[in-house]
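Undergrad: Chains as they are written, first to last, in this note's numbering: chain A, 1 to 266; chain B, 1 to 266; chain L, 1 to 266; chain Y, 1 to 264; chain U, 1 to 264; chain P, 1 to 264.
Quick caveat, the hints were computed from the structure, so don't treat them as lab data.
Some clues are possibly wrong.
Covered by chain L, per the in silico footprint, the following chain U stretches (three or more residues, Cβ under 8 Å) [to be verified]:
no. : region
1   : 84 to 91
2   : 138 to 144
Okay, derived cross-link-like pairs now, DSSO-like style, lysine-lysine, Cα gap no bigger than 27 Å in a straight line [as the list claims (entries may be wrong)]:
no. : chain 1 : residue 1 : chain 2 : residue 2
3   : L       : K173      : L       : K11
4   : A       : K4        : U       : K116
5   : Y       : K54       : A       : K229
6   : A       : K218      : A       : K11
7   : P       : K54       : B       : K72
By construction, the Cβ of each residue, glycine as well, lies at the ideal position given by its N, Cα and C atoms.
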Amino acid sequence: MDRKIDYKKTKKRLDGRKMDETRPLSIKTGVIENADGSAYLEWGQNKIYAAVYGPREVLPKHSADPLRSVIKVEYRMTSFSVPQRKRPGPNRRDQEISKVLGEALSRAVFVEQFPNTEIGVYVEVVDANAGSRVACLTAASVALADAGMPMRDMVAATGVGKAYGELVIDLNKDEEDAPDAVDIPIAILPNSEEIVLLQMDGLLTRKEWDAIAKLGIKGCKQVYEIQKKALVEKFELSEAKGKSQVAKEKTVKKKTVKKTVKKVKK
Amino acid sequence: MDRKIDYKKTKKRLDGRKMDETRPLSIKTGVIENADGSAYLEWGQNKIYAAVYGPREVLPKHSADPLRSVIKVEYRMTSFSVPQRKRPGPNRRDQEISKVLGEALSRAVFVEQFPNTEIGVYVEVVDANAGSRVACLTAASVALADAGMPMRDMVAATGVGKAYGELVIDLNKDEEDAPDAVDIPIAILPNSEEIVLLQMDGLLTRKEWDAIAKLGIKGCKQVYEIQKKALVEKFELSEAKGKSQVAKEKTVKKKTVKKTVKKVKK
Amino acid sequence: MDRKIDYKKTKKRLDGRKMDETRPLSIKTGVIENADGSAYLEWGQNKIYAAVYGPREVLPKHSADPLRSVIKVEYRMTSFSVPQRKRPGPNRRDQEISKVLGEALSRAVFVEQFPNTEIGVYVEVVDANAGSRVACLTAASVALADAGMPMRDMVAATGVGKAYGELVIDLNKDEEDAPDAVDIPIAILPNSEEIVLLQMDGLLTRKEWDAIAKLGIKGCKQVYEIQKKALVEKFELSEAKGKSQVAKEKTVKKKTVKKTVKKVKK
Amino acid sequence: MRDTVMEYETSKVLKFAREGKRVDGRALDEMREITIETGMSENAEGSTIVTLGKTKIIAGLKVDIGKPYPDNQDEGSISIGAETLPLAHPDYESGRPSADEVELARVVDRGLRESKAIDFKKLCITKGEAVWVGFLDFYALNGDGNLFDAGSIAALVTFNNAKLPKLDKEGKIILHEYDGKIKLARQPLLTTFAKVGGKIMLDPTYLEEKASDARYSAATTDDGFISAMQKGVGGSFTLEEVDYMIDKAFEIGDKIRKQIKQVK
Amino acid sequence: MRDTVMEYETSKVLKFAREGKRVDGRALDEMREITIETGMSENAEGSTIVTLGKTKIIAGLKVDIGKPYPDNQDEGSISIGAETLPLAHPDYESGRPSADEVELARVVDRGLRESKAIDFKKLCITKGEAVWVGFLDFYALNGDGNLFDAGSIAALVTFNNAKLPKLDKEGKIILHEYDGKIKLARQPLLTTFAKVGGKIMLDPTYLEEKASDARYSAATTDDGFISAMQKGVGGSFTLEEVDYMIDKAFEIGDKIRKQIKQVK
Amino acid sequence: MRDTVMEYETSKVLKFAREGKRVDGRALDEMREITIETGMSENAEGSTIVTLGKTKIIAGLKVDIGKPYPDNQDEGSISIGAETLPLAHPDYESGRPSADEVELARVVDRGLRESKAIDFKKLCITKGEAVWVGFLDFYALNGDGNLFDAGSIAALVTFNNAKLPKLDKEGKIILHEYDGKIKLARQPLLTTFAKVGGKIMLDPTYLEEKASDARYSAATTDDGFISAMQKGVGGSFTLEEVDYMIDKAFEIGDKIRKQIKQVK
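Bound conformation, chain A alone (with noise of 0.2 Å):
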């Protein structure tokens, strides 16, 4: 990478997106049979399964919550999702996200619905390039409301950071590689506008991050609306089947999404 790229010049990014362009985004459910809900998730280069198994009976059993249901993340990357072979079994990062994430969205589910419980949330990235664990978290939102799982709201979640000179909201791998990157990976709920997830690395002022903060919040909005979409299209969908064979054995399951995905809008 030149490190002499200077975004204030340039005026738009090396993959010629504008500073608070997020890459082409795209969301669908119910990609997974055997699961309760699912998701596939393109973001850029990005590609994610999430998959939520639940709410379901934990082992060993003195492991459980008695007031609410654990939400438990497993954030895995396959072998070939990154230019060099990931080896198996979870790292010391793939464990640091998994925790995190299911921090964020236990915020999101109303957990205490559900004591002495577990919610399994899968997410494999097959293809990544910066950004995975707020592409899976994404996803494992959606994959929670296709679910059918009462939530507070969708978690909705971006990068936004500083690069080349610029803040940029939604780094791609060239711009995490520039020599004053920050990248800062949040998540809301987007109306609220509560922060679930934070993390940043790297050199800021006080006064960059204000800005980057109204950035991000701006970005998981844009999310949020692709969220919305792949859900009402999965809606609309089940809608449009009517009394077919699929619907009706779904049928409950549909009506505590549609309820979710109501709360959702208002």
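Following the hints, put chains B, L, Y, U and P in place on chain A, whose structure we already have.
TA: For chains B, L, Y, U and P alone, kept in the frame of chain A given last:
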């Protein structure tokens, strides 16, 4: 190994055997005092101990099967049983072999008679030279009979395949290294000729398979004769001891074994 | 290390000590607030924290002993406590030391009084220079007394052995590297002189053993005096505080400790 | 709850089997529909998603430069791994590879390796110094039985379409540039059967596997060889049954190979 | 029993919080007393004990000679590890690092690394051949909350005071002789807050952490940068709350940096 | 069930002990019969089966070429491992080495190593480049107590009879050809005692170990040295008891050494 060896010309094998001749095989029962049943087997250079413990309680309990006893085989090799020192702990090959041996034995034992229990079968290779898995299966089957386990039939096993241009029984290491080597571990219930273990590696025509299958079943039946001999010897020995102290202590077990042996014979 | 050093000629040791002189040893109790009992020990360059938790419930339950409390020692070293960085996680040496320390302490504590429980004893070496295991045992014993554990006696320990031609007490690292070095960790109950820890490495004649054994018991008794001092200091300190808030909160525990200390003295 | 449902479902499979039928209406020797997609992972040297009915598997190949083994100075190497992700089925667990995963990976690996489809000498860059080291890993994304065949197809298609990285003058990999392919000498494919209630069923679903007594797989090649076999599960087969399944494996293998040829 | 006591204690913390108070009498934005000791481990290239109220942490640095990474031929490396020893709290367990320990180590690590405080090029001995490889590990000796800040202080002070080993003519380390230091470009420090019953509390105790909904940490530097942030636990913060905590983090960071300057 | 039987059996051992007797009729200071076989593993550079009463152990040595450690450029190395196979006793479990297995391996290892029986300099092939690296592993085949002494005998006999591999001109091992031996400078052997109901018993059985309060082992050599000691289990010994056991260890050690001399 000279790659120009041609069994079609030499008419006999590198170690002097005929194409359908098994390496020297001997089996002895009752070699591990603590076990409920045990066997020591020498098959060519292969030397193997097998021990059976059970049926016994399964821990943790939730892993028990309410309809049958689970046969758990652990196939292991000592570090010094192979030319290149083997590291401690089971590798992937050991795990796969343990699995297929357990599945093969499950067909022979009346596992339905002992629901919620486990039968532990441990085989330890202390010297190896091709064919250790079928040697272990052969030993384990004798150890199960030695333990007085109610059995549908013995499991008799052999290697069979192709080397240096000929179809051969019971390949040794030199033959396994032949450029055209195909090694097929096969195991049957000798009385019904049911196939309970079958694996294959290499390139084989449909026609070759037909001949090999017949050869394999023939080999298994040769092995079966030696298994029976080992059990008969044990039975005669315990008969001979008459009312001796040892025999008295084990009286119940011996009776069960007798039954098994008779069954096997008919 | 110069291999021509001869203690028979120098009459004193590399660090100036006499042959039967222990390195400076100091012990302080109550250094870890969360623990039921604790001690910090400096012995030459060795620096050790010890903490006791329990008696407490054993998990999983089936590993409990219905007749006694199980003393579970974890001997660990920080990565920076040795010249060559120690990798995280217990190595084989740590496992063996944990085992023998636990066995030595079991004789001193009236473990029969707390069936089905566990007493967790954790020792952490933060700087090491020969003799860390006996230093840990000495510290752990004081921590057990600090926890008010009912004890038959203290466990007092020392290193003893041979270096540069002489029998010496409490070998340091330079002496452990002597060509004729023999290092013997020994621990006794000082009042009954029962030996509860004894290990030995090296070449020793029967006659040398006789002298070393006496020297070792002598060394242990020196250590015992310092252990007692630490406990008396603690007791006096808590006496001095009189009816202060702190003393009140811990009143029950202190009493038990007093009893222990008295017992130890008589 | 799940256990009770599962028991009911498997007993239904058995009841159907006794009448020579299958719960999903297929004939006993009928394969489910197969779809194949490639190239989804830009970071992989090759990647493939195979769906086999509701079973869905993704395979990807990463290639790196490594040292040759001392006793094979002019040969590269290939390793195959398999994971049944907890994402893909409520019964799958994370953690160290289960015996099932180990067997799955090894049977797919042997089907390819032992057919000598891959010429390891062609994976040599500089004798004694640098060779291509390939890792093909496949992952269940949705598990509905017969991961063996789905994995075998995914692995074969991935190798067929994989590109080898381009090297710069110092012999280092240039990221995302490619130069040449891994040409396979033949096209081996696994075909798997389950014995359910005494009937031989091609391409078993998850429930059929649960209800089955025994499993048999054979790998066949386009030039008429059997390249691997694996019998599994606690039951048994007669030699006649094995012979029937081998013939069927050749037939089905040829069909799938035709479909694979269409994949670019 | 322990659980019941714990429940009572945390409910007390919450009751106090609702009135804007803390159980130990501190103001919401008040730090506990900090003491810093250095040099206790002679075998370490640097070591520090930090107490923060009842929380007590020991950190130590071991430095060794290693090979540089292929893509950074002229740079040394630093790794940071954290262990919550069972010695330090009845809730801590031994065994493989828990998610909590991994997060703790990584947040302290990032606070230092991403501030570019350490010039890895200065850890180069001979380009392409030998570099300094540092391992800083810190261990909780008594756990009473806010291991993040205690660990961050301990790590920073350890690096400030660490000595690099002296090398002999063959380039081997001479034991217990030193030559030069690791000079830091800036002084990054973490400051951590918990949200308890809707109130933001600086420097939470173990009980306050147990009673908390959310946690937030920011690393600030002496030259006015934020160098890391980490939000934790299942609750949320408003942007206003985050802004408040960043300002407070700078204030507290500067105070502690002053205290650290006194440490020799 | 097993537990109840075990309790009855150990209480019987204790009852006998109080009268100075043993369940199997041996005198307190009587060793069980020892048999020694060698050479069963053709792939090993040395192998031995030792039976001690009903206890049966197999040991084997594998030797390979390795690099010397940086600080011992002219010395080879030997590692000793021990496994109590689940094959050998219903109480033995597979999995990672238990504390018992670790202690067993380390005590047998030290008994040999610290007696300086093996001259590691003689295991050097080319200084700084190639040395012999030996791995001796022993496995319980049937466990009836005193694995220490059985393991010690098995290890010693294996080393006494081991052959070093022959090297070709390039310095590689020629399979199954040998050239020279590992000559031991002395013959160290462990002798183990259990304290049962206050009585010192030589060579305890499994039940006697279960009923014991304390265990003591000493390694003695043929030239009159003690080369290792290890006290185990939760009880204690008086100095007089230790002295008695050391004398007895020399006596028993000499007897077994005589038997070992007969082994070819």
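Undergrad: Run through the hints listed earlier and report the numbers of any the structure violates, in increasing order.
TA: none
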